[in-house]
Amino acid sequence: MAYSEKVLDHYENPRNVGSFAKEEEGVATGMVGAPACGDVMKLQIKVGKDGVIEDAKFKTYGCGSAIASSSLVTEWVKGKTIDQALEIKNTQIAEELALPPVKIHCSILAEDAIKAAVADYKKKHEG
Amino acid sequence: MLKFPIYLDYSATTPVDPRVAAKMIPWLTEHFGNPASRSHAYGWEAEKAVEEAREQVAALVNADPKEIIWTSGATESNNLAIKGAAQFYKGKGKHIITLKTEHKAVLDTVRELERQGFEATYLDVQENGLVDLQVLKAAIRPDTIVISVMYVNNEVGVIQPIAEIGELCREKGIVFHVDAAQATGKVEIDLATLKVDLMSFSAHKTYGPKGIGALYVRRKPRVRLEAQMHGGGHERGLRSGTLATHQIIGMGEAFRIAREEMAAENGRIRALRDKLLKGLQDIEATYVNGDVEQRVPHNLNISFAYVEGESLIMAIKDVAVSSGSACTSASLEPSYVLRALGRNDELAHSSIRFTIGRFTTEEEIDYTIALLHRKIGKLRELSPLWEMVQEGVDLDTVQWAAH
Chain A
1 MAYSEKVLDH
11 YENPRNVGSF
21 AKEEEGVATG
31 MVGAPACGDV
41 MKLQIKVGKD
51 GVIEDAKFKT
61 YGCGSAIASS
71 SLVTEWVKGK
81 TIDQALEIKN
91 TQIAEELALP
101 PVKIHCSILA
111 EDAIKAAVAD
121 YKKKHEG
Chain B
1 MLKFPIYLDY
11 SATTPVDPRV
21 AAKMIPWLTE
31 HFGNPASRSH
41 AYGWEAEKAV
51 EEAREQVAAL
61 VNADPKEIIW
71 TSGATESNNL
81 AIKGAAQFYK
91 GKGKHIITLK
101 TEHKAVLDTV
111 RELERQGFEA
121 TYLDVQENGL
131 VDLQVLKAAI
141 RPDTIVISVM
151 YVNNEVGVIQ
161 PIAEIGELCR
171 EKGIVFHVDA
181 AQATGKVEID
191 LATLKVDLMS
201 FSAHKTYGPK
211 GIGALYVRRK
221 PRVRLEAQMH
231 GGGHERGLRS
241 GTLATHQIIG
251 MGEAFRIARE
261 EMAAENGRIR
271 ALRDKLLKGL
281 QDIEATYVNG
291 DVEQRVPHNL
301 NISFAYVEGE
311 SLIMAIKDVA
321 VSSGSACTSA
331 SLEPSYVLRA
341 LGRNDELAHS
351 SIRFTIGRFT
361 TEEEIDYTIA
371 LLHRKIGKLR
381 ELSPLWEMVQ
391 EGVDLDTVQW
401 AAH
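Chains A and B are the protein sequences, given in the same order.
Just so we're aligned: 55 in full-length UniProt numbering is position 55 of the first sequence, and the numbers increase by one with no gaps anywhere.
Just so we're aligned: 88 in full-length UniProt numbering is position 88 of the second sequence, and the numbers increase by one with no gaps anywhere.
None of these hints come from the bench; they were simulated from the model.
Beta carbons are placed, not taken as given, at the ideal position from N, Cα and C, and that holds for glycine.
It is possible that some hints are incorrect.
[Claimed, not checked] What the simulated footprint calls covered on chain B by chain A, stretch by stretch (three residues with Cβ under 8 Å from a Cβ of chain A suffice, anywhere in the stretch; the number is not a length):
1) 107 to 116
2) 190 to 199
3) 342 to 349
4) 381 to 394
[Stated by the list, open to error] With a straight-line cut-off of 30 Å between C-alpha atoms, the simulated DSS-like cross-links for lysine-lysine are:
5) K6(A) / K317(B)
6) K172(B) / K210(B)
7) K100(B) / K137(B)
8) K78(A) / K375(B)
9) K46(A) / K378(B)
10) K100(B) / K46(A)
11) K378(B) / K89(A)
12) K57(A) / K375(B)
13) K220(B) / K48(B)
14) K378(B) / K22(A)
15) K22(A) / K80(A)
16) K378(B) / K57(A)
17) K124(A) / K80(A)
18) K378(B) / K6(A)
19) K3(B) / K6(A)
20) K57(A) / K317(B)
21) K115(A) / K46(A)
22) K115(A) / K378(B)
23) K375(B) / K6(A)
24) K78(A) / K172(B)
25) K22(A) / K375(B)
26) K172(B) / K66(B)
Isolated chain A, as found in the complex (with noise of 0.2 Å):
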């Protein structure tokens, strides 16, 4: 598999692997995918009082461009509200990444994730 220079870097230097201690203070957790399928994401927002992002953690299984997705979306997600992270669409990522056609699903996966972090959030804060 050809992959660009940015899939590459994020592959190579994962930004922000890691995971917040789930019970912590405005930590939400969103996971998506399935083993079978080759690949599973989880990601972590830490949203401060203000409703910022001040914080974003992720461990993924599946292949470059699902590691690279979900590395991308923890820098991305940071510094913005949970419904500016929202904002953030699959073909951005797709995009930035130059993901190959047969890799789209990656992409899409992180936006997933992105969702599944903010409604576990807002499950938690606003239920």
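Assemble the complex: chain A is given as a structure, and chain B must be docked to it using the hints.
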């Protein structure tokens, strides 16, 4: 001095042995005659060389040279054998049996015959990759005309019980075809004792050139085929087309070397494979795919749970290997062979096939072991599945959002 990437994909193809290449070259330039030319010395010398190569190929498998038909490779041999036999014997019946773990060159050929009106049974294998003889026996019908079982599986390297299947087929009067592309130079093949009717060979899996292969067609008892390639009537009418003299000479030399050196070579390769296995087995949650004993010495197919195959291949780009992962295939389906062994999709995704060969060194194996330890550690740090398992979560109980 290590040369990167380290080649550990000898089951995909092998380099042409320099001795083979040297022997081929004069047949491209000086001795360019058509072996079918009966009217001058150019043709005569080419024909003589082709017949010597035929003897060398026959010698490796203890067959009569007259039983060897040149083809373009094992795919063509499989097509000629299975289609040729099914079409010739269709008056006797229309049922064909093969295994789910066969190479696509067999599976797709049988599928094509189904479209032509034949019926086929694709047998499951056991967890170790081997066919259960009782299951095979039970699948035989009165109208079964052809059984095709590979000698050595290309992905997991397991050796099927060819001798026993041969007895069964002979007793029932069924034509038995064996795809031996991965077997030559790896296992002793004795066609004087094996009750095999048709056997496919490839040169490039055994340090010969690509684009040349052969089909063994038994003479006693005689097996007949419908030709699939029509033309000048070469190869006793079974396969028309001008013989590729240089390729044939390369295959002959490659098989001569295999016969003379395989005993020593397999000992050396087995020691390297066992070292690799030992070095990788102390990584947690690794699983060898396919039977460990009933297996060719150069193959190690292993799954590293909780890391995905393509990202692993990217991580170990210093070694050239194959993966059963969907991400490395055009179809996005994980290896059908590993699935047939009952491996779940997740482990199929995480599998790597290492195949060792003539030019593999101990230093390369040491490097590979260290690299795998490092990279699997890194990828597991990145893996949410690994994290969950460390926390004691049973992944099978998780409701995954399949996509």
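Do the hints match the structure? See the list:
Counting residues of the region 107 to 116 of chain B whose C-beta sits closer than 8 Å to any C-beta of chain A gives 0, which falls short of three, so the coverage hint is violated. Interface restraint, the region 190 to 199 of chain B with chain A: violated (0 residues with C-beta to C-beta distance below 8 Å; minimum three). A count of 4 residues in the region 342 to 349 of chain B with a Cβ less than 8 Å from any Cβ of chain A is obtained; the coverage claim is therefore met, three being the minimum. Restraint check on the region 381 to 394 of chain B versus chain A: 7 residues with Cβ-Cβ distances below 8 Å, three needed, restraint holds.
At roughly 17 Å between alpha-carbon atoms, K6(A) and K317(B) fall within 30 Å of each other, so this suggested pair holds. About 36 Å separates the Cα atoms of K172(B) and K210(B), which puts this hinted pair outside 30 Å; it is violated. Distance check on the hinted pair: K100(B) and K137(B) sit about 16 Å apart at the alpha-carbon level, within 30 Å; holds. This hinted pair checks out: K78(A) and K375(B) have alpha carbons roughly 28 Å apart, not beyond 30 Å.
Using a Cα cut-off of 30 Å, the hinted pair K46(A) and K378(B) holds, with the two alpha carbons roughly 24 Å apart. As the CA atoms of K100(B) and K46(A) are separated by approximately 49 Å, the hinted pair breaks the 30 Å bound. For a cut-off of 30 Å, the pair hint linking K378(B) to K89(A) stands: about 29 Å separates their Cα positions. With a C-alpha separation of about 20 Å, the suggested pair K57(A) and K375(B) falls inside the 30 Å cut-off, and the hint holds.
Proximity of K220(B) to K48(B) is assessed by CA-CA distance (about 25 Å); at most 30 Å being required, the pair is judged to hold. A threshold of 30 Å between alpha carbons decides the hint, and for K378(B) with K22(A) the separation of about 23 Å falls inside it, so the pair holds. Annotation: proposed proximity of K22(A) to K80(A) holds, straight-line Cα distance about 21 Å (limit 30 Å). For the hint linking K378(B) to K57(A), the alpha-carbon distance of about 16 Å falls within 30 Å, and the restraint holds.
For the hint linking K124(A) to K80(A), the alpha-carbon distance of about 19 Å falls within 30 Å, and the restraint holds. Taking the CA atoms of K378(B) and K6(A), the gap is about 19 Å. The hint holds against a cut of 30 Å. At roughly 27 Å between alpha-carbon atoms, K3(B) and K6(A) fall within 30 Å of each other, so this suggested pair holds. Proximity of K57(A) to K317(B) is assessed by CA-CA distance (about 26 Å); at most 30 Å being required, the pair is judged to hold.
Between K115(A) and K46(A), the direct Cα distance comes to roughly 14 Å. Compliance with the 30 Å bound is thereby established for this hinted pair. Between K115(A) and K378(B) the CA atoms are separated by roughly 27 Å; this keeps the pair inside 30 Å, and the hint holds. Of the supplied pair hints, the one linking K375(B) and K6(A) holds, its CA atoms being roughly 20 Å apart against a limit of 30 Å. Between K78(A) and K172(B) the alpha-carbon distance is near 72 Å, which puts this suggested pair outside the 30 Å criterion.
Distance restraint check for K22(A) and K375(B): the Cα-Cα separation of roughly 27 Å lies within the 30 Å cut-off, and the hinted pair is therefore satisfied. Our distance criterion of 30 Å between C-alpha atoms is met by K172(B) and K66(B), whose separation comes to about 26 Å.
Of the numbered hints stated above, those contradicted by the structure are hints 1, 2, 6, 10 and 24, listed in ascending order.
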